[in-house]
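From just these sequences and the hints, can you work out the full model?
Here is how the chains run, residue by residue.
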Amino acid sequence: MPLKEALKCFSCFEVSRLCGRVLSELRSVFDVDVTELLSPYSELLFCSGLFTEVYLVSSELLGVVDVLRRSGRVPYCVGVYVGRFRGREPYLIPSTMLANTVFSRLGRYVSTVVVSDDGLKPFLYGRDILKTSVVKVYPKLRRNGIVFVVGSDGYVYGVGISLVDDLMIKDLRSNDVVVKNVFDVGWYLRGGTKPKEKKFKV
Amino acid sequence: MPFPKIDELVKLFSVDVSERARVLASRYGFRDYMVERYYMMFGDWDVVEELLKSFDRGLNKVVRCNTLKVSNCGYLVERLSRLGFTLRSVGWCGYAFEVLSEGFVSLGATHEFLAGMYYVHRGLATLLPPIILSPKPSDRVLDLAAGVGGKTTHLSQIMGGSGVVVAVDVDRVKVRALRSNLERLGVYNVVVVRMDGRLVPEVFGEGFFSKVLLDAPCTGEGIIQVDRSRRFKTDVVDLVRASQLQYELLMTALRSVCSGGYVLYSTCSIAPEEGEFVVDLVLNDFDGVEVADIPKIVDFYSGITEFGRSRFSDDLRRCVRTYPHVHGMEGFFICLLRKL
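Protein chains in written order, with the working numbering: chain A, 1 to 202; chain B, 1 to 340.
Treat each hint with caution, since some may be false.
Said to hold, decoys possible - Beta-carbon label-pair distances, calculated as ranges: (1) A:Arg143 to B:Cys258: 52 to 58 angstroms; (2) A:Lys8 to B:Arg82: 46 to 52 angstroms; (3) B:Gly160 to A:Asp153: 53 to 59 angstroms; (4) A:Gly72 to B:Glu290: 33 to 39 angstroms; (5) A:Ser59 to B:Gly160: 15 to 21 angstroms; (6) A:Asp153 to B:Arg20: 54 to 60 angstroms; (7) B:Gly43 to A:Arg105: 54 to 60 angstroms; (8) B:Val237 to A:Glu36: 24 to 30 angstroms; (9) B:Trp45 to A:Gly72: 53 to 59 angstroms; (10) A:Arg190 to B:Glu19: 32 to 38 angstroms.
What the hints assert, rightly or not - In silico negatives: residues of chain B with every beta carbon more than 10 angstroms from chain A: (11) Pro4; (12) Phe104; (13) His325.
Since the hints were derived computationally from the structure, they do not count as laboratory data.
Each residue gets a CB set at the ideal place from its N, CA and C atoms; glycine is no exception.
So this is what it looks like as structure tokens:
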């Protein structure tokens, strides 16, 4: 079991390389400058312990975080939770909170599959999305890239890894997996917050 | 003046239990000292019995439509109705709905819940503190004992997602749930800090916030409907310990708010020892604070000024109380303070 590390938070200025990578990942997924779109929540904040989490904060929130940091403390969470940074591609697993916010400001979906109610139910129990459940696809889907799972009501219910790209999907059989479940909002109910967050946050 | 010694308070809070109180306590499954105190509050055994009966009736849950994510709450009501729920709108809160009957699935397991379209409150009274504090988008608000975030997310909703809310709680499990509620409800003007609330002025400095909400940890004597164990699990010493923590937190809240700023103090308890007693001590001990008027959102009862051997400031009449047998909601004590 890895040792528990102290949680530390850094602004983009302090971790510029990491910042560049996250910005490029966000642009690649959403096809837009997210920091500009979500203004005034435009400042990236990295908090690292066992995992590196990324937040978008306003200058007002950043001011509060700075006061905390001066007394040797860090926030448990703050602002818009962008997602978790990881060591291999895709480097950033975006949160449903971010996706909902971006799509609502953007007024359209990107890298998204809309699924039927019958497909959404098992997805919310941690299952993958099969071709038969996909009602609509919003480009672009990239093989092994991030894809958002949206219900017929337009809300984002989870994030996954696409196993196909836009063009391949039509060649799949109805029971073939299109999206591998990475995170779904049913996780909150399955008690997932306990074991996962234990490792995830100090 | 320091907080009185525990022994002195145990003596002050202890009551001589009458035979009538013993009989009622045994009939309704309460500790007899609690029933005697209810008589001291109301001075009428019939009213006491009404109160004890009301604790048996249960509470209607309340759905707070999350206007940060749902632009038309009618749409949410329609969706929940299709799932078999019967909802009734709350007259004094346009985005809240009492749940009159449950649907085919639990309120906490619907797709609508998971998508963050609503928050479930255990009763109506928990909606009151954020509404009374009524923060503006320009405010910097502290939620001093944030718990799982029912009031934090409500504050943020009232602020339209702007401004800053700092949510503080020391409990690791509650903070984890708070975070998931923020993510689910799409609330992003919040900084969550896991720490002992009493350290806030040392960390942020005095007067850092323009408004503070302190829904203090309490014995829960107002929510016996949802937790039957509270009929017999607290004794006078627990009551004293609760008031001590409440006093310390309220003093902290007043140090944390700026001059001209407001502190809303509330407890989900009808015990005067956790309400008027605490506020009265703080009014004596903290220089430059006054009790502010509370808008008449519901037909509140006034705060009390006499209880057993204690006499409180007349200003405490401006504080308000709700009772389950009168208002059909949790028993709450709410007091709005203004720092001069």
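Hints, one by one, checked against the model:
no.	hint	in the structure
1	A:Arg143 to B:Cys258: 52 to 58 angstroms	holds, 55 angstroms
2	A:Lys8 to B:Arg82: 46 to 52 angstroms	holds, 48 angstroms
3	B:Gly160 to A:Asp153: 53 to 59 angstroms	violated, 23 angstroms
4	A:Gly72 to B:Glu290: 33 to 39 angstroms	holds, 36 angstroms
5	A:Ser59 to B:Gly160: 15 to 21 angstroms	holds, 18 angstroms
6	A:Asp153 to B:Arg20: 54 to 60 angstroms	holds, 57 angstroms
7	B:Gly43 to A:Arg105: 54 to 60 angstroms	holds, 58 angstroms
8	B:Val237 to A:Glu36: 24 to 30 angstroms	violated, 58 angstroms
9	B:Trp45 to A:Gly72: 53 to 59 angstroms	holds, 56 angstroms
10	A:Arg190 to B:Glu19: 32 to 38 angstroms	violated, 53 angstroms
11	Pro4	holds, 32 angstroms
12	Phe104	holds, 13 angstroms
13	His325	holds, 35 angstroms
Of the numbered hints listed earlier, those contradicted by the structure are 3, 8, 10.
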